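J.: Residue strings, one per chain:
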Amino acid sequence: MSALITLTTDFGLADHFVGTMKGVILGINPSAQFVDLSHHVNPFDVFDGALTIALAYRYFPSHTIHLVIVDPGVGSSRRPILARAGEHSFVAPDNGVLSFVYEREESVEVRHVAVDHYFLKPVSNTFHGRDIFAPVAGWLSKGVEAEKFGETITDYVKFAVPKPQRISAQTIQGMVIKVDQFGNLITNISPADAPEIFTASPSQFAIAVGQQQIARMIDSYSAGEPSEVFAILGSSGFLELGQNRGSAAKTLQVGRGAEVKVALG
Amino acid sequence: MSALITLTTDFGLADHFVGTMKGVILGINPSAQFVDLSHHVNPFDVFDGALTIALAYRYFPSHTIHLVIVDPGVGSSRRPILARAGEHSFVAPDNGVLSFVYEREESVEVRHVAVDHYFLKPVSNTFHGRDIFAPVAGWLSKGVEAEKFGETITDYVKFAVPKPQRISAQTIQGMVIKVDQFGNLITNISPADAPEIFTASPSQFAIAVGQQQIARMIDSYSAGEPSEVFAILGSSGFLELGQNRGSAAKTLQVGRGAEVKVALG
Amino acid sequence: MSALITLTTDFGLADHFVGTMKGVILGINPSAQFVDLSHHVNPFDVFDGALTIALAYRYFPSHTIHLVIVDPGVGSSRRPILARAGEHSFVAPDNGVLSFVYEREESVEVRHVAVDHYFLKPVSNTFHGRDIFAPVAGWLSKGVEAEKFGETITDYVKFAVPKPQRISAQTIQGMVIKVDQFGNLITNISPADAPEIFTASPSQFAIAVGQQQIARMIDSYSAGEPSEVFAILGSSGFLELGQNRGSAAKTLQVGRGAEVKVALG
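Chains as they are written, first to last, in this note's numbering: chain U, 1 to 265; chain H, 1 to 265; chain L, 1 to 265.
Any given hint could be a false lead.
[As the list claims (entries may be wrong)] Derived pair list, reagent style DSSO-like, types lysine-lysine, alpha-carbon separation capped at 27 angstroms:
1. K148/U to K261/U
2. K261/L to K250/U
3. K250/H to K163/H
4. K158/U to K148/U
5. K163/H to K148/H
6. K142/L to K142/U
7. K261/L to K250/L
8. K142/H to K142/U
9. K261/L to K163/L
10. K142/L to K261/L
11. K142/H to K142/L
12. K163/H to K121/H
13. K250/U to K250/H
14. K121/H to K142/H
15. K250/L to K250/H
16. K261/U to K250/U
17. K121/U to K148/U
18. K142/U to K121/U
Hints are computed from structural coordinates only; laboratory data are not their basis.
Note that the coordinates shown come from a computational prediction; the quantities given were computed from them, not determined experimentally.
Between the sequences and the hints, there should be enough to build the whole structure, so can you do that?
T.: Next up, the structure:
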């Protein structure tokens, strides 16, 4: 068991929350090592957290522990869970924040973390990151076996991951699932969904998003003309709409959830 | 002596300041370990820094060193200090930024850091974080004894921590001391100040803040009705005003310093 | 070879990019240690990145590896490079982002990183931070020798570092090269450029910037009068225009690139 722990939350970096969780973990396991994935998940936005962890976890060594806390239901009856998926462990609320991970991994085992022996007492109703999730990650990183934290469950929460649809022979309908730091629009369309536009010399196509049509696929951001919005295969394996030294999101005035329609031929 | 060092500053994360301090420390003690508490303390706001460190330090292991740098008086005659409070060490400017810590701990020893042997030369007038506080924390983490840095003092700066007042038998007057990432309003009222509203079945009460009255205490954020602002016992042990998946600060249009009046019965 | 790696990027902290790079490095070298310098370099702004790394790297121990990724040309023909400058190593795109470092160090050796054996496959066209720069830094931190990554080159990109000009016997013309977190305006004028104003009792001078004249040099921010903008020797060794508990940038309504004219006598 590695002592490497990643953190993904909507806690922001202005408050002491993230640091306090690390303090709790280091009190349990002084050799824990941390990597922050993001603390700027949109507040309360389980989908955004689910996508963030899914895009990153596979780049970490086997046996990494991933703390994923986007938890609008803190203090309610929603369960804390410990999931083993592929070669990684995840500690999170059971609200769907691991849905993309479940989708990607064949082998998934989820436990309801119920043994309060491992919690920080008294457990508050408003900060389970500090009182439940951090200490569980700490003990797990110290070698406590998964089965010690609670029983396996099969009714864990998993939301339907939005998939692009081929709505006609020539039309694929997807959506923007994320806008990144640079304003690139990341869609849920992968090369497997629209192989026609990802070949070496793609046939003609038009991608409709917002009020605009995009008809050019290029290989690198810097190949874009000034202010042109183009299509590109992004580093996450999805179709992106981008701009050279500019923000496609601003230029197109669209954001997450926007419909993206690929018309072939 | 642990090599664990936390950092709390108003330096932000856009500039190189925080990283440079860590470089200086690692040059002195390569096995130093860092946890960032916050670098988004409101600029020049000693009160905000004082509260941030106070809310977090007790969750760290004994012998942790806490660097706390909110320092509008850098380069003036304000003293650098090294404080031992409870089982923790603090390196900070002597401007009151440790006031809440002094308030919470029974055993406090404060030294004027004056032995410039431990400073990074030449000492600038504008970045004592790099030239004084970081190297002192570095040497301290390497095992240099506290008395080597300077003499104890008793006239260190401590501002009066704002306490709620029982202005009548039925009225407690407090204030908002912090707005967190989610827009929750954290007050300075603890269960000891207003036990009547923190019992299992509290008697009727009304909390006046801004233009609104809040009359309901609930157990978890998610128990709130849409757009309702409610009272809740927060994870710091203070009365909070919050909202379910929303910002009480925005809804009520109030911020830090706002008066909070609890009327009982 | 140290396992200490600093990171300077324009990736921001909202996305998973920085964390993912650290995951890749830890997969190669589990004992790598990270210090973030800044991930808030202005997007695509090579000059801003070049300045950020230059202001910080000398405060790190010898043999530190600095990852510097501001890379609008990702996926194009711009080369990845590995530079040894002074006692530090740098992994970066060859776009000038190390220009200030080259300027400061006498001994510089730059290699074109071309041996894709050390890359993460498949190499994307849009995220060389993850696929090229991070793994190269990882292998380098594990002890792979610099010459293994590629041949030395001499035609690496270096932009002209803007220097102040003495445009007449009594006039020095410089510029604002950075605005820091507090709104201080950092110029490119050092004491060597304008010794007359940096003596213990400087002769009369007037600094013209924006619509204003500044005629006072002081020793510490806190010596400034309320709302006064003053001159001060900053911690980076450059003339700064600052304000006591306020933002000179806001007060003067100027930013990076603004002309600064020092008139002596």
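J.: Is it true that the CA of K261/L sits at most 27 angstroms from the CA of K163/L?
T.: Judged against 27 angstroms, a Cα distance of about 13 angstroms means the pair holds.
J.: With a cut-off of 27 angstroms on the C-alpha distance, tell me whether K163/H and K148/H pass.
T.: violated (36 angstroms)
J.: Could you grab the alpha-carbon distance between K261/L and K250/U and see if it respects the 27 angstroms cut-off?
T.: violated (37 angstroms)
J.: Are the Cα atoms of K163/H and K121/H separated by 27 angstroms or less?
T.: violated (42 angstroms)
J.: Is K261/U close enough to K250/U, meaning Cα to Cα at most 27 angstroms?
T.: holds (19 angstroms)
J.: Given the proposed pairing of K148/U with K261/U, does the C-alpha separation stay at or below 27 angstroms?
T.: The hint is violated at about 48 angstroms.
J.: For K250/H and K163/H, compute the direct alpha-carbon distance and say whether it is at most 27 angstroms.
T.: holds (25 angstroms)
J.: Take a quick look at whether K121/U and K148/U sit within 27 angstroms of each other, Cα to Cα.
T.: holds (18 angstroms)
J.: Check whether the Cα positions of K142/H and K142/L lie no farther apart than 27 angstroms.
T.: Holds. K142/H to K142/L sits at ~26 angstroms (cutoff 27 angstroms).
J.: Measure nothing beyond the straight line between the CA atoms of K121/H and K142/H; if it is 27 angstroms or shorter, mark the hint as holding.
T.: Satisfied, since the Cα-Cα distance of roughly 19 angstroms is no more than 27 angstroms.
J.: Mind checking the alpha carbons of K250/L and K250/H for me, to see if they're no more than 27 angstroms apart?
T.: holds (26 angstroms)
J.: So if I understand the rule, the pair passes when the alpha-carbon distance is 27 angstroms or less; does K142/L with K142/U pass?
T.: The hint holds at about 26 angstroms.
Checked against the numbered hints above, the structure violates hints 1, 2, 5, 10 and 12; every other hint is satisfied.
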